[in-house]
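Visitor: Once you've looked at the hints, dock chain W against the given chain G.
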Amino acid sequence: MDLATFGVQLLNALQYGMVLFLVASGLTLVFGILGVINLAHGAFYMLGAYLAYGIASATGSFWLALIGGVAIAFVAGLLLENVFIKRLYGRDHLAQVLLSFGLILVLDEVRQLLFGKDVHSVAPPQGFAGTIQLTDNLSYPVYRLAICAFCLAMAAAIFYVVQRTKIGMIVRAGAENREMTRALGISFDTVNRYVFAVGIALAALGGIVVSPVSTVFPGMGDSMLILSFVVVVLGGIGSITGAAIGALLIGLTDTFGKVFFPSVSSILIYVLMAAVLLWRPNGILGRREV
Amino acid sequence: MTPQMSLRAWLVPAILLAIAVALPFVVPKYYVQFASKALILGMLAMALNLVVGYGGLVSLCHGAFFGIGGYALAMVTPKYDPVSLWWSFPFAVGIAAVVALIIGALALRTRGVYFIMVTLAFGEMLFFLFHDNQFAGGSDGAYINNKPEIAIAGRVLLDLDKPLAFYFVVLACLIATIALLAMLVRSPFGHALAAARDNERRARSLGFPIFRLRLIAFVISGAIAGVAGYFSAAQFGFIAPQTLGWHVSATVLVMVLIGGLRSVVGPLVGALVLLGLEEVLKATTEYWKLAEGLIVIAIVLLLPNGVRHLLTAVLGERKEIAPQDVKAVAKVEHA
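Going down the list, the sequences are from chains G and W. Residue numbers for the first sequence, in our numbering: 1 to 290. Residue numbers for the second sequence, in our numbering: 1 to 335.
Same shape as in the complex, but just chain G (with noise of 0.2 Å):
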């Protein structure tokens, strides 16, 4: 592999890990702070695609979608939790898990009767459609360098939000220890509301920005679900920078493994996963004890 095809992979794998990151970091902010496992997260990403597609077809601006799929993503978090989520905190593992369950049936009958279950294609936003000549006959198209760099400005937001700011210090002081956190005087009801919305919209915007270099189907939750999922066990749940160091090494594994071992690249960050619970069985950034 010459080096021109290795800094393509390079950059495809980056991209993967950055979306990859996008989704899983909404995942582990909600189990950080509501304590909440939303199998549901997967759905959004399928919806935020969907949602991509539908008003991009409609208006014909991607720009449109990417604002108005986040939009319409965030405020179904509000509702979301203020109708099903906040009756689970305290709730048993189980009691989580099944309720995201019926959110998913849910959420996949309201994409069926919306935009049906064909397979759609969502066109790149206007002047992101080229490709970049890297050497006489290698490409690389503008969007997913774009992707790459949207991704970019967004991990480095939400470290920011999460690192530097009032609110981000609340955050990170809830996954600490919640009932401190209470005890000095905040009240996790807003809170938990806007981190909830916040990552379920995380997810869509994931679902956004794929949808114009990936194919829009239904199915497409699922696998993400289980990706960030895996980007967690990782990482170590509630940790953001575990999250980005889990999504970075399974963009790795899967872009490489596909060329490397094409045969068995379906179950490498599988392995890679049992690897690191037999290391780490709470997560390269785990704490010790959950």
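It is worth saying that the hints were derived from the structure and are not from the lab. Possibly wrong hints are sitting among the right ones.
Said to hold, decoys possible - Footprint (simulated), chain W over chain G, 3 or more residues, beta carbon under 8 Å:
1) 137-151
2) 192-205
3) 268-278
As the list claims (entries may be wrong) - Just a sample of chain G residues kept apart from chain W, beta carbon distances all over 12 Å, derived:
4) A4
5) G7
6) Q9
7) L11
8) A123
9) E176
10) G283
By construction, the Cβ of each residue, glycine as well, lies at the ideal position given by its N, Cα and C atoms.
Guide: Chain W in isolation, oriented as in the chain G frame:
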């Protein structure tokens, strides 16, 4: 225990058994097959409940063990002849148990929510393994053209192709499963498992080998799931990778919740209720999944202890058995 109580304790199962035996002779063939399917899924749900209800471990990979049992049968069945039940059955169950041992040994290193995610991920790994590779039919699934049979010297003694014979074999396996599980949860092993669920640190400090206990429960549960999968594949003559997927696991978890977590046969009731409900919903609305999703959400929010407790609450028959958890620890401590 008063004589009256022990009479009732025997009478109810005896009546239910009589109904189960008489059923195939009074209902149409379609319902015999439906009943077989319900009993098979009930077996799967009871197996899962050993881990979820008694072990306190929410596993999302039992669909995979179920599917592995079916795939094992599909792969040993020759194209034109039936396979012998004598060796294909233990083979399928053994494979499911070995897979459960490997996944369990890794997943049980984790706790709580990690355990859920890890079992889910390993279950999906098996799904992709069978979906993406051609060795067992790939995404199209595999066919079992001839159902297993028991033959001695060329004479067929038992042919699972006949719905009636199939029903009774499944019923027998179901009763054996109930007996095995009832024995297990009443044994010192079952009490120790429940103690580890209620207070892991305390059980550990009392010297119980938590990891080993849980792993044994997980493997037994996986093996029974394999039994159910073997019969399910034999019934439909077909196995698809979707059977391994986590949607199956989650649906079976719903059955467990409906039936109640602290009972051996509860999940069987849950399976009957959920399958009956699906049958009704499918007949009445095109959007039955929407209705099912809403019902699942309603059950989680309104009936956290399962439908069984709704019945007891309405009938006022028994008091809530909440102190059971405390009792489990106490029993172990006095042992």
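Visitor: Take the hints in turn and mark each one as holding or not.
Guide: Checked hints:
1. Judged by the Cβ-Cβ criterion of 8 Å, the segment 137-151 of chain G is not covered by chain W as claimed, because only 0 of its residues qualify and three are needed.
2. Closer than 8 Å: that is the beta-carbon criterion, and the segment 192-205 of chain G has 0 residues meeting it against chain W, so the requirement of 3 is violated.
3. With a threshold of 8 Å between beta carbons, the proposed coverage of the segment 268-278 of chain G by chain W holds, since 5 of its residues qualify and at least three are required.
4. With a minimum CB-CB distance of about 29 Å to chain W, A4 of chain G clears the 12 Å threshold, and the non-interface call stands.
5. Annotated as non-interface, G7 of chain G keeps its C-beta farther than 12 Å from every C-beta of chain W; the closest such distance is 28 Å.
6. No beta-carbon of chain W comes within 12 Å of the beta-carbon of Q9 of chain G; the shortest separation is about 20 Å.
7. The beta carbon of L11 of chain G is kept farther than 12 Å from every beta carbon of chain W, the shortest such distance being approximately 25 Å.
8. Non-interface status of A123 of chain G relative to chain W is upheld: no Cβ of that chain comes within 12 Å, the nearest being about 29 Å off.
9. The claim that E176 of chain G lies off the interface holds: its Cβ sits roughly 16 Å from the closest Cβ of chain W, which is beyond the 12 Å cut-off.
10. At roughly 8 Å, the least C-beta separation between G283 of chain G and chain W is not larger than 12 Å, which violates its mark as non-interface.
The structure fails hints 1, 2 and 10 (numbered hints given earlier, in ascending order).
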